[in-house]
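K.L.:
Chains as they are written, first to last, in numbering that gives the first Met the number 0: chain V, 0 to 267; chain F, 0 to 267; chain Y, 0 to 304; chain Z, 0 to 304.
Treat the hints with care, as some may be off.
Said to hold, decoys possible - Here are the simulated DSS-like cross-link-like pairs (lysine-lysine), alpha carbons at most 25 Å apart as the crow flies:
no., chain 1, residue 1, chain 2, residue 2
1, F, 5, Y, 37
2, V, 83, F, 83
3, F, 5, V, 86
4, F, 233, Z, 303
5, Z, 37, F, 240
6, V, 4, Z, 295
Claimed, not checked - Partner residues aside, some chain F positions facing chain Y, computed with beta carbon under 8 Å:
no., residue
7, 4
8, 16
9, 52
10, 95
Everything labelled a hint here was simulated from the structure, so no lab data went into it.
Computed from a predicted model, the values in this text were never measured in an experiment.
By construction, the Cβ of each residue, glycine as well, lies at the ideal position given by its N, Cα and C atoms.
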Amino acid sequence: MDPRKKNRGLYECEITEKRRLGPGVFEMTLAPFTADVRAFQFAMVGIPGRGDLLLKRPLCLFDTTPGKEGEIKILVKAAGEGTKALKATPVGTRVEVAGPFGEPRDIPGEHIAVVAGGIGVAGSYLFAKQNAQRISAVYFGSTTRWDDEIYKLLEELGTPARIATDDGTLGRHGPITELLTEADCDAVVACGPPAMLERVYKITAGAGIRAYGSFEARMACGVGACRGCAIPAKPEKASGKEYLMVCEDGPVFAMDVIDWERYRAAGI
Amino acid sequence: MDPRKKNRGLYECEITEKRRLGPGVFEMTLAPFTADVRAFQFAMVGIPGRGDLLLKRPLCLFDTTPGKEGEIKILVKAAGEGTKALKATPVGTRVEVAGPFGEPRDIPGEHIAVVAGGIGVAGSYLFAKQNAQRISAVYFGSTTRWDDEIYKLLEELGTPARIATDDGTLGRHGPITELLTEADCDAVVACGPPAMLERVYKITAGAGIRAYGSFEARMACGVGACRGCAIPAKPEKASGKEYLMVCEDGPVFAMDVIDWERYRAAGI
Amino acid sequence: MTNLSITINGIEFRNPILVASGIAGYGTEWDGLCDFEKLGGVVLKGVSREPWAGNAPPRLAETPSGMLNAIGLENVGLDAFLDEKLPALEGLDTVIVANVVGRTVAEYADVCEALDKHDRPAALEVNVSCPNVESSGIAFGTNINTLTEVVSACRAATGKPLWVKLSPGVSDIAPFAATAVDAGADALTVANTIPAMAIDVESRRPVLGNTYGGLSGPAVFPVALRLVHVTAHAVDVPIIASGGAVGWRDAVAFMLTGASLVQMGTVLFSAPAAPEAAVTGLAEYAERTGFKEVSKLVGALINKG
Amino acid sequence: MTNLSITINGIEFRNPILVASGIAGYGTEWDGLCDFEKLGGVVLKGVSREPWAGNAPPRLAETPSGMLNAIGLENVGLDAFLDEKLPALEGLDTVIVANVVGRTVAEYADVCEALDKHDRPAALEVNVSCPNVESSGIAFGTNINTLTEVVSACRAATGKPLWVKLSPGVSDIAPFAATAVDAGADALTVANTIPAMAIDVESRRPVLGNTYGGLSGPAVFPVALRLVHVTAHAVDVPIIASGGAVGWRDAVAFMLTGASLVQMGTVLFSAPAAPEAAVTGLAEYAERTGFKEVSKLVGALINKG
Ligand SMILES: Cc1cc2nc3c(=O)[nH]c(=O)nc-3n(C[C@H](O)[C@H](O)[C@H](O)COP(=O)(O)OP(=O)(O)OC[C@H]3O[C@@H](n4cnc5c(N)ncnc54)[C@H](O)[C@@H]3O)c2cc1C
Ligand SMILES: Cc1cc2nc3c(=O)[nH]c(=O)nc-3n(C[C@H](O)[C@H](O)[C@H](O)COP(=O)(O)OP(=O)(O)OC[C@H]3O[C@@H](n4cnc5c(N)ncnc54)[C@H](O)[C@@H]3O)c2cc1C
Ligand SMILES: Cc1cc2nc3c(=O)[nH]c(=O)nc-3n(C[C@H](O)[C@H](O)[C@H](O)COP(=O)(O)O)c2cc1C
Ligand SMILES: Cc1cc2nc3c(=O)[nH]c(=O)nc-3n(C[C@H](O)[C@H](O)[C@H](O)COP(=O)(O)O)c2cc1C
Ligand code: FES
Ligand code: FES
């Protein structure tokens, strides 16, 4: 068996802690989860007690304590039915979690700008933590100010943090990508909404900076079996493939591999 | 509008209390519920948070405090998926309840024996309470001994209580219907499993005693609209009807109205 | 304020939400729980020429996000319907649609003819999913010839708007829709319940007395939505959607796909207040998205790509 | 100890639980999460003569107790399937069934012929729900003539056991079942996903890139159960059930109704351990109810009345 597959598993986790970190955003600690986790990997998390919501939800591994007493933290934004139900689930409830999934991709570069848009911080945080020495700065933008705890967490990373909010309630007033134009870096890793990713792609492509993005897609299996999480690729940059699978080939892709036009049309 | 229909309504109740009364059996207090309730009437209780379980469950109104500050108590046996989910629902949860439904039938008689088999006590209790002067005795049988509280509740009714358990852990060892053969009464009202009801019918028919039973059927509406809760009747005793509706015409029927053969075949 | 009213076949509905046939009984059973005067209208329980006793119990089974029913179209029959049931609705300020069932073409036609003379039903909805006793019990609506016969006969029997409620269990609904319209349907209800079954593994028997039943509820919504989409492309008459709608989102989806009216059925059992809430939610959606008239939502789906 | 094994078409399955096509990829993707060696077997992702890229995303949508997929049968094509995918399963001790798809009768036949030469697939399952490009895109399996053609061609191309996976969206599945058997099917898989649709009311667009998708999951179980019941009465070949099974109770129900094998699909997404748990539950049920061999459960339904 492929060694990466040996690392993954099916866990019957308990929700051991829950706290708010921002508007509609909460952090959940799940244990036991004993596997090693690499940045931008994700787990498929079931919605407990909801027989009508079949599919597990893909959620980044925000933080991790591996090993025997292992636990993971996830950051969830109450978006639709499932994440809202998860938000309402009390501590102590058991949740089925499968993972970690996703290709643990190495990002080359010595001065990497990490860009997080809103809930995108869920994936970016662990990358910054695991690669602190190579991070030039963490850029975190959100529509409005989040709770103090999240900014404290970012500060504790020991890398410079740049903050923006769309409504100006904290940091620069406006999109976080505006700060990026001033960035001094040799690579960018971005995690956030599609429009932000595309903006990052345009800025970096213009400046000749290598850019990577963590992409989202609706998933069923998370393991490359169902072919549900397709994202349109430029075949000439993707070994001839029209589609890549976010769960298997991603979720992080070099941004120039994506066929942005077909991606936008899909309205994922 | 029919005055009975004026009394009923749709309530967004809170579970204010929950306690165990027997093996797999718990009592739940729901408020507010302001309507008047007559014995053997029932409510349709939704299963909160379970989008996959559509139908409300018909449950007898075990006890009631009507009026402005009104509440109801229901006695639930964790039988299938829905009642098990209800059992797991914590105090404080909101539950949609519709009712009270069912024909508030008058039982003629001055020495009425009330027979409750297992969870059948949920319906019998209120009848005994509301008609204490006319009750010769309450007969309560169960497979095994329930918790002390239930026997205390029966004792507090002030009517004689006769107890049996199938396994002999309390009272007479064997089916409760054996005690009934010694009963001194002019009418019997029974609530319990189909086999018990049929046994009561045979005993009373032989002795020339008027017998009534509270019957169960799968329900969707509870109000006579869907025609789902049909029970086979003897047309000559039921104004020519082949079926009666448990929700609208019952749930209490004179036992000689039932077509016992077709009822048994249905395996309700 | 959004204009919620919809007019089809010359009938004005105050809003597009109706209660489906078989759910609302004869219109009075839900009194005190669901206020039909807040809705566009109510389709009454199917009525046959003679009274029908219905199927042996059990008649209901719950399934994941759905339910099965095998009521067997129990109903009081035409005489009691005309003499007792319709008069009881005299004061009810909402559009009443009668639903017609039969075992033979003649039975359907007789019921239509009798209802035609009564002024209350604004339209007649013909349920063609009944088993045809003259043709080995196959549903009228799953065969092009019997569908033509029954719709033509009903058309000849009434001048009232004629809705034909199609069966979902066909390979391609488009030719059935076209056939019904050619035979005189003024509108199509899409669709009835999907044939299905449940088994009790402990008794090793079918749950339903009738073995088979019809699946309804949210489980079937995605199937009904596609059928509405296909039908809307196949015919030009108004479409009335039925199948699994539980709230305003489903109602909007049905309308965008091409339905002028949306019937809600099974959801009344889980939430009798749902149809009224759907009206409110629909109004809010239209307001928010700039539709001054909900009628403009009909068919306003933007195609992919 | 109950004997869980089932033999059909001369193939012995250690138990009746299989993973359905399209769920298990090419057999290795679920490694570490779902142990196929505990199951009767695995049906691999449908394979076509040339590689297929699949449909534009989104390809998935969740629905009440169900899901839609419009993957578009993305697959690596015959060459890679033979050269890379099948060899990777060499050490996997479970029955492997290949699933065959095509756009023309010739494509189907070519794939069957090539797979016939490979010793690993114990049987070939033909998915006849693919759109027929030579006949305006209608699925092969919803027309008696094209069904006959495709099954006959596959039959001529292989000596391996041939399973035909029927489409559920037909008025009456019985004649389709009989047709497939007459054309050479050794067993029938009943059934594929049900055509359906989802809409995003905020964007006013269909959710799926392909507009329509196939409904699967517990929502469709009651429909599949009835189709198995109807098919079991229509033909004498073994039946493999597919549609919404999530646990042992559903597996037992399918078997009582007439299925020899039960495929589980969508449930792997919610609970990858479900198929294995179903095997355990099935064994317990058989033990408890006195069935020494689960094969005796097949068709052991007691009729009503
Ligand atoms: C690799 C990856 C990592 C992610 N990490 C996080 C994270 O750490 N924190 C977080 O809050 N969110 C994260 N998301 C997004 C999260 O998965 C969706 O917000 C969530 O699935 C929505 O589910 P719902 O029940 O609230 O919405 P619903 O709309 O009810 O969901 C219906 C279906 O669509 C899917 N879906 C809906 N929106 C999305 C979306 N944006 N992306 C993927 N699937 C979607 C759901 O999973 C479900 O199957 C991630 C997505 C991916 C692909
Ligand atoms: C008038 C009336 C009064 C009742 N009073 C009580 C009571 O006070 N306490 C109590 O514990 N039980 C009572 N019951 C029985 C109770 O309704 C069922 O036990 C319950 O509905 C089972 O639901 P479930 O989800 O546990 O089972 P499931 O088998 O999962 O239910 C599936 C479906 O079948 C229906 N169903 C299953 N068994 C029964 C049954 N025996 N009777 C009616 N419907 C059934 C359910 O309501 C549901 O729609 C009463 C039934 C009726 C008709
Ligand atoms: C209990 C019940 C009884 C029904 N009776 C009828 C009927 O008499 N005539 C008819 O045309 N449809 C009947 N139907 C079908 C409904 O009108 C509706 O088309 C179907 O249930 C799908 O919609 P829903 O999912 O909103 O319930 C009945 C449905 C149920 C659940
Ligand atoms: C994501 C997905 C992909 C599928 N791909 C195929 C396929 O390639 N060939 C096929 O015959 N069936 C395919 N199916 C249908 C399943 O094999 C199965 O018949 C169907 O999902 C119903 O069963 P279920 O409810 O257990 O999933 C697919 C289903 C899903 C959900
Ligand atoms: S989610 Fe199944 S292939 Fe990616
Ligand atoms: S439950 Fe609907 S008629 Fe009794």
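K.L.:
The structure should be examined with respect to each hint, and the outcome stated for every one.
P.N.:
Cross-check of the supplied hints:
A C-alpha spacing of about 18 Å is found between residue 5 of chain F and residue 37 of chain Y, which places the hinted pair at or below 25 Å, so the restraint holds. With a CA separation close to 23 Å, the supplied pair residue 83 of chain V and residue 83 of chain F stays within the 25 Å bound. Between residue 5 of chain F and residue 86 of chain V the CA atoms are separated by roughly 39 Å; this puts the pair beyond 25 Å, and the hint is violated. Between residue 233 of chain F and residue 303 of chain Z the alpha-carbon distance is near 21 Å, which keeps this suggested pair within the 25 Å criterion.
Restraint check for residue 37 of chain Z and residue 240 of chain F: not satisfied, since their Cα atoms lie roughly 55 Å apart, outside the 25 Å limit. Under the criterion of a C-alpha separation no larger than 25 Å, the hint pairing residue 4 of chain V with residue 295 of chain Z is inconsistent with the structure, at around 38 Å. Hint status for residue 4 of chain F relative to chain Y: holds, with the closest Cβ pair at about 4 Å, below 8 Å. Interface hint status for residue 16 of chain F: violated, as the beta-carbon distance to the closest one in chain Y is roughly 25 Å, over 8 Å.
Interface hint status for residue 52 of chain F: upheld, as the beta-carbon distance to the closest one in chain Y is roughly 7 Å, under 8 Å. Interface restraint check for residue 95 of chain F: the shortest CB-CB distance to chain Y comes to about 7 Å, inside 8 Å, so the restraint holds.
Checked against the numbered hints given earlier, the structure breaks hints 3, 5, 6, 8 and satisfies all the rest.
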